[in-house]
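Novice: Generate the whole structure from the sequences, applying the supplied hints.
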Amino acid sequence: MEKATRIAELFAQSEAYVGKTARVQGWVRTRRDSKAGISFIELNDGSCLKSVQIIADHNHPEYQEILADITTGCSLQVEGTVSPSPGKGQSIEIRANRIKLYGRSDPLTYPLQKKRHSLEFLRQIAHLRPRSNTIGAVTRIRNRLSYGVHQFFQDRGFYYIHTPIITSSDCEGAGEVFRVTTLGPESLLTGQSDNIFEGDFFNRPAFLTVSGQLQAEIYALALGKVYTFGPTFRSENSNTSRHLAEFWMIEPEAAFCDLQDNLELAVEFVKHLVGTILVDCSEDLEFFAHFVEPALLETLQKTVDTSFEIISYKEAVAFLKRSDEAFTFPVEWGNDLQAEHERYLTEKLFQKPVAIIDFPRALKPFYMRVNADEQTVAAMDILVPRIGEIIGGSQREDRRDVLIEQMQLKGISTEEYRWYVELREFGSVPHAGFGCGLERMVQFTTGLPNIREVIPFPRTPGHAEF
RNA sequence: UCCCCGGUAGCUCAAUCGGCAGAGCGGGUGGCUGUUAACCACUAGGUUGAUGGUUCGAGUCCGUCCCGGGGAGCCA
Numbered sequence: 001m002e003k004a005t006r007i008a009e010l011f012a013q014s015e016a017y018v019g020k021t022a023r024v025q026g027w028v029r030t031r032r033d034s035k036a037g038i039s040f041i042e043l044n045d046g047s048c049l050k051s052v053q054i055i056a057d058h059n060h061p062e063y064q065e066i067l068a069d070i071t072t073g074c075s076l077q078v079e080g081t082v083s084p085s086p087g088k089g090q091s092i093e094i095r096a097n098r099i100k101l102y103g104r105s106d107p108l109t110y111p112l113q114k115k116r117h118s119l120e121f122l123r124q125i126a127h128l129r130p131r132s133n134t135i136g137a138v139t140r141i142r143n144r145l146s147y148g149v150h151q152f153f154q155d156r157g158f159y160y161i162h163t164p165i166i167t168s169s170d171c172e173g174a175g176e177v178f179r180v181t182t183l184g185p186e187s188l189l190t191g192q193s194d195n196i197f198e199g200d201f202f203n204r205p206a207f208l209t210v211s212g213q214l215q216a217e218i219y220a221l222a223l224g225k226v227y228t229f230g231p232t233f234r235s236e237n238s239n240t241s242r243h244l245a246e247f248w249m250i251e252p253e254a255a256f257c258d259l260q261d262n263l264e265l266a267v268e269f270v271k272h273l274v275g276t277i278l279v280d281c282s283e284d285l286e287f288f289a290h291f292v293e294p295a296l297l298e299t300l301q302k303t304v305d306t307s308f309e310i311i312s313y314k315e316a317v318a319f320l321k322r323s324d325e326a327f328t329f330p331v332e333w334g335n336d337l338q339a340e341h342e343r344y345l346t347e348k349l350f351q352k353p354v355a356i357i358d359f360p361r362a363l364k365p366f367y368m369r370v371n372a373d374e375q376t377v378a379a380m381d382i383l384v385p386r387i388g389e390i391i392g393g394s395q396r397e398d399r400r401d402v403l404i405e406q407m408q409l410k411g412i413s414t415e416e417y418r419w420y421v422e423l424r425e426f427g428s429v430p431h432a433g434f435g436c437g438l439e440r441m442v443q444f445t446t447g448l449p450n451i452r453e454v455i456p457f458p459r460t461p462g463h464a465e466f
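For the first sequence, the working numbering puts the final residue at 466, and the numbers step up evenly by one.
Derived from the structure by calculation, the hints contain no laboratory data.
Treat each hint with caution, since some may be false.
Computed beta-carbon distance windows for the label pairs [unchecked claim]:
no., residue 1, residue 2, range
1, E283, A126, 21 to 27 Å
2, K35, Y110, 21 to 27 Å
3, S413, Q113, 52 to 58 Å
4, Q113, K35, 37 to 43 Å
5, G462, S312, 39 to 45 Å
Cβ atoms here follow ideal geometry from the backbone N, Cα and C, with glycine treated the same way.
Specialist: Here it is, written out as C-alpha cells:
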C-alpha cells in the first residue's frame, strides 16, 4: 500500500505541508458540489475530530468517472497540493491531483448521515458508529486514558501484572459471577451430585474474574508495587447508565503502603489522567463541551487544580444530617451512603471530587483493614461529580488473626482462601490498593451520560451483539 | 430486578376529544453557489414495536410481551 499522512499530522504541521504534495486516506463525511466545476469533499481518517477538505476539479478526466460514486461513507485515497483555504472553517485544504476510490457506499442504505444521530441509534450500528464524531472522539480519549494509566504507574515503578481472567473463587464479595464451563446444558441439567464439575474442563467450578485484587496482592507482596489493567466481569442484572457486564478495571496494589499513601496515590492518579486529557485531547474535549456537557472543561480543570475534599464516613454522615436536602433514604451512621447522598456531597456541597474514608466495618468486604476503633475499616471511596464512585480501595488486613476473624464474620472460607491467609503468615506487610473503572473515567472526561457509549462493544443484560 | 416515561418514513420528531398518516433531515431528479449541518424546486418513501381485545371506527383506549430512556438497588 502507498503510505499516507494522517490528517491530524497534516493539521498539526500545516505550515510545513503548505505548498507540498500530500497523500491522505480516509472515509468521506460529506460532499458539496459547486457548479463552478468543483466538489468539496470532507475526508476523515479518525486521527482527529476534524476532516480535511478536498477540492476536486470536475474537469479532471479521472474524476468524472468516479465523482458520482463519491458519497458519504465511501473510502478514498487522495493526493494533492496542500494549500491555504480561502473558505471559512478550515486553515488548509487539499487540491486533489489524484483520487482513488477504494470502496463505494450506497447513499440509500448507508445509515450515517452528516446530521446528528441519537446515541441510542448509533449503538444499534456499533460496526459503523466509530465513524461518527462522538464515538471517534470517545475512542481517542479512551486510548489516551489507557496510555496514561500505563505511563502513570510505570513512571512510579509499578509492574504491570496480568491477573487471570478465569478464576475458581466466586465469593470475593464483589458481585455476581459468570460461569465458565465446557459442559453442555444437558449435563448441567442431569447432574445431580456436587461432583458434576469433575467432568468439566477445570475439574471444578470456574468463573470469569470480578476483580484481580487478591492475585495482585500476591505480586505486591513480592515485587512491591504492581497494577492490573484488564477486563472484568459482573453478571448482575443491573440496567443503568453506569454499569456493564464486561468492563475494564485498573487495580494498583502496593506493599509498605497505608491508607494515607493509597489515597495520595489515587488522587494523584485521577489528576494525572484528567491532566493528560486536558492537554492532549483538547479538540475532542471541546467537542463534548459543546454538544454533550457544557460544564465539562470547568469540572475537569477544577479536578486538576484543586485539592480533593477528604472526609471520614462519620463526617460525611454529619454533613448530610446538617443539610437541608430532602433525601429519600435516611442518613444514619451504619447505613450505606446512597447515590443521592454521594451526589449531594460531590455536586452540591463541595462541587469537586470527594474522598470518603473509614467506613463502618459491616458495610465493607473482609479484606479491608480493621481500624483501631474496631468499628470501621481503612476504606476509601473517591466520588466525582456526575458519575459518583470512580475509585474504591482500602488498606488490606495484614494481621493474620484479624483477617481470619473477618473472614469468619463475613462467611469466607479460610480453607478455600488458604493462600490468602498464608500471605499473612510469611512476611506480611501493610499494603493497600484501589480499583478504578476505566469506563467511568471515560464518562467523567467526556461528559457522556451513558456508559454504553464509552466502550466499543457494550455488554449488558440481554446484549452481546457484534 | 423494581418504579416512571417512551416506541409513528432510513434518521429526528408531530398528529387536538377515538374520526383522511404529517414535517424537517437523509435518498432520487433538476436548478444555483469557493461550498461549510450549504441553498431552492420537484419526487419516491408507512404492517404507527409485537400480539390479543374494546369500538361503526384505534397511532390514540385496555391486557400481555419485546425494545429504548430516566431513576433505584448492586457496584467500578
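Novice: Now, for every hint given, state plainly whether the structure supports it.
Specialist: Taking the hints in turn, this is what the structure says about them:
1. E283 with A126: 21 to 27 Å: holds (24 Å)
2. K35 with Y110: 21 to 27 Å: holds (25 Å)
3. S413 with Q113: 52 to 58 Å: holds (57 Å)
4. Q113 with K35: 37 to 43 Å: violated (24 Å)
5. G462 with S312: 39 to 45 Å: Given about 40 Å between the Cβ atoms, the range holds.
In this structure, only the earlier hint numbered 4 is contradicted, and the remaining ones agree with it.
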